[in-house]
Amino acid sequence: MDGRFSAEKFKFNEKIDVRFLHSLYEDDYPYIEEVFGTTLRELTASQQQIELAYKAGDITGLKKAVHKIKPSFGFVGLMETQESCRQFEDACLAATTLGQLTIQYQQLTGILEDSRKVVESEHQKLKRFNTGL
Amino acid sequence: MNLTCVIVEDLQVAADFLVRCCQKSGQVDVKGHFTNAEEALTYLNANTIDLIFLDVEMPGSTGFELLDQLMYSPKVILTTSKTEYAYNAFEYKVTDFLKKPFTYQRFTEALQKAIDAGETTVPSTNGDSTVSDHIFIKSDGKLVRLNNQDILYIESMGDYVKFVTIDKKYITHNTIKSLEEKVNKKFFMKVHRSYIINLLKIDDIRENDLFIKGIEIPISKAHKSEVLRRLNII
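These protein sequences, in sequence, are chains A and B.
For reference, each letter of the first sequence is one residue, going 153 to 285 in our numbering.
For reference, each letter of the second sequence is one residue, going 85 to 318 in our numbering.
Treat the hints as calculated values from the structure; they're not laboratory data.
Do not rely on the hints blindly, as some may be mistaken.
[As the list claims (entries may be wrong)] Derived DSBU-like pairs: lysine-lysine, alpha-carbon spacing no greater than 30 Å straight-line: (1) B:Lys246 with A:Lys216; (2) A:Lys216 with B:Lys115; (3) B:Lys108 with A:Lys279; (4) B:Lys166 with B:Lys226; (5) B:Lys269 with A:Lys216; (6) A:Lys269 with B:Lys285; (7) B:Lys269 with B:Lys222; (8) B:Lys197 with B:Lys177; (9) A:Lys269 with B:Lys183; (10) B:Lys308 with B:Lys246; (11) A:Lys167 with B:Lys308; (12) B:Lys197 with B:Lys253; (13) B:Lys115 with A:Lys277; (14) B:Lys183 with A:Lys216; (15) A:Lys277 with B:Lys183; (16) A:Lys161 with B:Lys183; (17) A:Lys163 with B:Lys108; (18) B:Lys183 with B:Lys166; (19) B:Lys269 with A:Lys207; (20) A:Lys279 with B:Lys222; (21) B:Lys183 with A:Lys163; (22) B:Lys166 with A:Lys167; (23) A:Lys167 with B:Lys108; (24) B:Lys305 with A:Lys161; (25) B:Lys269 with B:Lys285.
[What the hints assert, rightly or not] Away from chain B, derived, C-beta distances all over 12 Å, residues of chain A: (26) His174; (27) Leu195; (28) Ile211; (29) Lys222; (30) Gln256; (31) Lys279.
Even for Gly, the Cβ is constructed at its ideal location relative to N, Cα and C.
One chain only, chain A, in its complex shape (with noise of 0.2 Å):
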């Protein structure tokens, strides 16, 4: 992580790439604020479109949402989740039955869950770091 760019700034999460966030958006503050409300907005859609594809056993709709979704968190930073996303993505292509994707299903709700949660964390900050209060 870059750490000149978080002291000097924001302190992002730890979780957050914040060179690879710098290499988008380089200090524009309200963008970035902007891009994690999208986000948030977008996880939390996904998220139900993932567990309703999950609960109807269809595999291709599990693995077209979670596609979706990847590359949302590549876009606020957290690389590894977007990693987990693309693994589970090749999980699916792989599985013929729900059942095998069972473990890895409920890793990666987990997983998006906690990135969800950075995201909106890291929304409120920006909100307040950009009206300075």
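Using the hints, position chain B against chain A.
For chain B alone, kept in the frame of chain A given last:
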């Protein structure tokens, strides 16, 4: 002059970022954002655009299916999170491939390739009329410009033809046979010895007739299978 582009992307944060990159570059005018291929196709077949930023996996049709149905060939920059599509990208001769998320630096490299690739494949005024977005016809002693998108159909009247547009009719000395070679084949096709129609204007087809704005136009047996092949039948 700036390139015109549309963004076809179902992930909002990615679409927003693309808009931002386009604005920052000062070289691209974003004409629209679509979250699925079907809506994008309708727009793209009615408007000539220089460049598409195109996601691959979207609800409904894929980005490649959109390209299959497009009536002209704008430059395409694929935006996807899957490198597995690189081979398809090569096959479809896309200008570049941006893996999401991408940096502004990487965006500008892709954009430069699109700019270097030159004019879009729908040339204007002095270009070959078979790929142009308009034609000029002689009518009432003057040359009149007709945009392809405004022409509904062309009807034979012996040694003359009638161009029927949305709001006017023009009669000019010409033949269907001659015009068949001269009109833009992406938009127009001969459906009968007396008719060339704009494919984008068909409202419905019943048996051996098609209807454009309530006008019944016969489809000859020889042309029917080709008409059906050219339609976007789901």
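Check each numbered hint against the structure and report the violated ones by number, ascending.
-> The structure conflicts with hints 1, 4, 5, 6, 11, 12, 13, 19, 20, 24, 26, 27 and 29, although it agrees with all the remaining ones.
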